[in-house]
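Keeping their order, the protein sequence lines are chains B and Y. If you're matching positions, the first sequence starts at 1 in this note's numbering and goes up one per residue. If you're matching positions, the second sequence starts at 1 in this note's numbering and goes up one per residue.
Since the hints were derived computationally from the structure, they do not count as laboratory data. For clarity, every value in this text was computed on a predicted model and none was experimentally measured. Errors might be hidden in some of the hints.
So the derived label-pair ranges between C-beta atoms look like this [as the list claims (entries may be wrong)]:
#1 D46(Y) / G356(B): 43 to 51 Å
#2 D55(Y) / S355(B): 33 to 41 Å
#3 N369(B) / E44(Y): 30 to 38 Å
#4 V61(Y) / E241(B): 21 to 29 Å
#5 D40(Y) / E247(B): 23 to 31 Å
Residues of chain B clear of chain Y, computed beta-carbon distances all greater than 10 Å [claimed, not checked]:
#6 R4
#7 E12
#8 Q45
#9 T176
#10 G302
#11 Q363
#12 K424
#13 E444
Ideal Cβ positions, reconstructed from N, Cα and C, are used throughout, including at glycine.
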Amino acid sequence: MSVRRIMGAETEFGVLAPGNLSANPTVLSAQVVSTYDSLFHAELQAHSTAEWGYSSESPLSDSRGTEIPEKDAHVTQLTHQANVLTSEQIAAEALQDSGLYAERLNWDAVTMNSILPNGARLYVDHAHPEYSSPEVASPMDAVKWDAAGDWIAAQVVQRSADSPVLETINLYKNNTDSKGQSYGSHENYQMSRDTDFDDVIQGLLPFFATRIIMTGAGRVGIGTKGETAGFQISQRADFFEREVGLETTIRRPLINTRDEPHADSERFRRLHVITGDANLSHVSNLLKFGTTSLVLALIEKGVAPHIVLADPVHAMHTVSHDLTLSEKIALSSGGEVTALQIQREYLEAAEEYFSGVDEETDQVISLWNEVLDALETNLFSLANRLDWVAKYSLMRQYVAQGIGWDNPKLAALDIQYSDIRPQKGLYFKLVELGRMQILFSPEEIADAARHAPENTRAYLRGEFIKRWPEELISVNWDTVVARNQLQTEVHRLTMDNPSAFTAEQTQQVLNSPTAVEVIESLNNVQKEK
Amino acid sequence: MKREQIQQQHQQQNATDQDEISIAQQNSEVNQELLGETDDLLAEIDGLLEENAEDFVKGFVQKGGQ
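Please work from the sequences and hints to get the whole structure.
Have a look at this one:
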């Protein structure tokens, strides 16, 4: 066991049309998805012309039933759709689509859903555009492919700003408008089905209540509507109301019980984590995915620290509001501990059982250690690594100049920290000024927007999207359905193991000329097994 | 106490004082530097901020999500 496991990141972006504040957010979100869908298809077309000789077939244009030689023309056309459609009409159209083509039930409505060449999904989730990263096999990769989603969001924003016809849209990687609304950035972790879910709950509650001291994104205002002036560690903490539950949008629970593995349900569980803040800092994000994966490994091994909090939800609020990191949290047994002490318990267990298992595990353990030490002794030394400390450090300088915590300037700073535009977002400015450490260069991140990880099934999904878009009928996390355009027979591939269908395993069959042949070859291999 | 010893002690005291002064000077230099950096940073940030913070914050209204 190690820090490595199948995992994924989901980001719901805040969406704003600065020139049209009353714009319908679902329509804006549809514009975001459609814009990127056409951008990457145009890029692929240029690419595939060179690499696979598809110029005479124009596969990408054909798949839409339209002739779209110029990406500008395509986007304009989509603009037109976005401008005239209400969210109800978009929803109605999606519904109609699913009625006509059962295979398209959730996935193939062009403006609402897009499967990307990197194996990710970009789609309209109610009133927000959401990027769901491809399945990755390690925390470092989770950070990289989550950042790829931010890069994609920035491309869309740039496109909308450049276009004379598109509504200008800004996107924000944060979790609240501080007017009572919150939207998520979720994590997904594959676990063994054998692990008792009660152990998962008991092991995670104290961890989730306290990991925000490393993974919080920082927030101006206390309370879901920012009723009290001040600063707190987490964007999300105030929106959690109970310990365990199925909901993700109301009465939010610390432990979400959604059981939707998108894989072999007898072998795997996909733990859907909804407590996380949206992190821009690579280090915060690495700590989020890395330490959580290690705690899950402790739980799976049956050696997680036995800490029972009197009230985990209250504890999470307390921890988020305590900038001194010294507030005591009540244990159910009657004692009291600090958030740092709880985190150290988990860290020590992880060190005991997983030190030395592999390089990436050691990297996470040593970073965890270093950051907990710095939180205790020299908080502002972390201003170049953790989102909340970076934000807090910046704002304190304004406060020192006499600006109060209730001043709208600080609330604006809070929002602008998460502005996804490299030239406007404060996070990106800090990176540019060398005041924020990065783990991946902008070039590596852009590359991850174009290419799937090679060591999960996302690789094969990405290859299907890149090579045979015209044959695909539907693509899902665990299925690919294709049809030879000259025939009626539908071919389905089920990918029920996220760790399979890697570059190594599929290299040979990918030499086939058609998607249908790839699917049939892989199905034969699976039958033989 | 012999005078020599007092003298020595006094000299040591002076040395300590000088050390302290030197440290204090360093600190103040560091602080000046930090202050300079801080001013530069805030100037950079101010250049990026939305012109009307109050309107911008009021206009940032989202629907709930997951």
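Beyond 10 Å from every chain Y Cβ: check whether that's true for T176(B).
Its Cβ does come within 10 Å of chain Y, the nearest being 8 Å, so this is violated.
Check the following: the C-beta atoms of D40(Y) and E247(B) are separated by a distance inside 23 to 31 Å.
violated, 46 Å
Check the following: the C-beta atoms of D55(Y) and S355(B) are separated by a distance inside 33 to 41 Å.
53 Å Cβ-Cβ, so the 33 to 41 Å window is violated.
Was K424(B) rightly flagged as not at the interface, with every chain Y Cβ beyond 10 Å?
Not fine: 6 Å to the nearest Cβ puts K424(B) too close to chain Y.
Closest CB-CB distance from R4(B) to chain Y, is it above 10 Å?
Check passes; 27 Å lies beyond 10 Å.
Over 10 Å from every CB of chain Y: does G302(B) meet that, or does the non-interface label fail?
Fine: 31 Å to the nearest Cβ keeps G302(B) off the interface.
Is the Cβ of Q45(B) farther than 10 Å from every Cβ of chain Y?
Non-interface label stands for Q45(B): nearest chain Y Cβ at 33 Å, farther than 10 Å.
Given a hinted range of 30 to 38 Å, is it respected by the beta-carbon distance of N369(B) and E44(Y)?
holds, 33 Å
Non-interface label on Q363(B), tested against every C-beta of chain Y at 10 Å:
holds, 30 Å
Should the label of E12(B) as a non-interface residue stand, given a Cβ cut-off of 10 Å to chain Y?
violated, 5 Å
Chain Y versus E444(B) - minimum CB to CB distance exceeding 10 Å, so not interface
The claim stands: E444(B) keeps its Cβ more than 10 Å from every Cβ of chain Y (closest is about 25 Å).
Is 21 to 29 Å right for how far apart the beta carbons of V61(Y) and E241(B) are?
holds, 22 Å
Comparing the model with each numbered hint stated earlier shows that hints 2, 5, 7, 9 and 12 do not hold.
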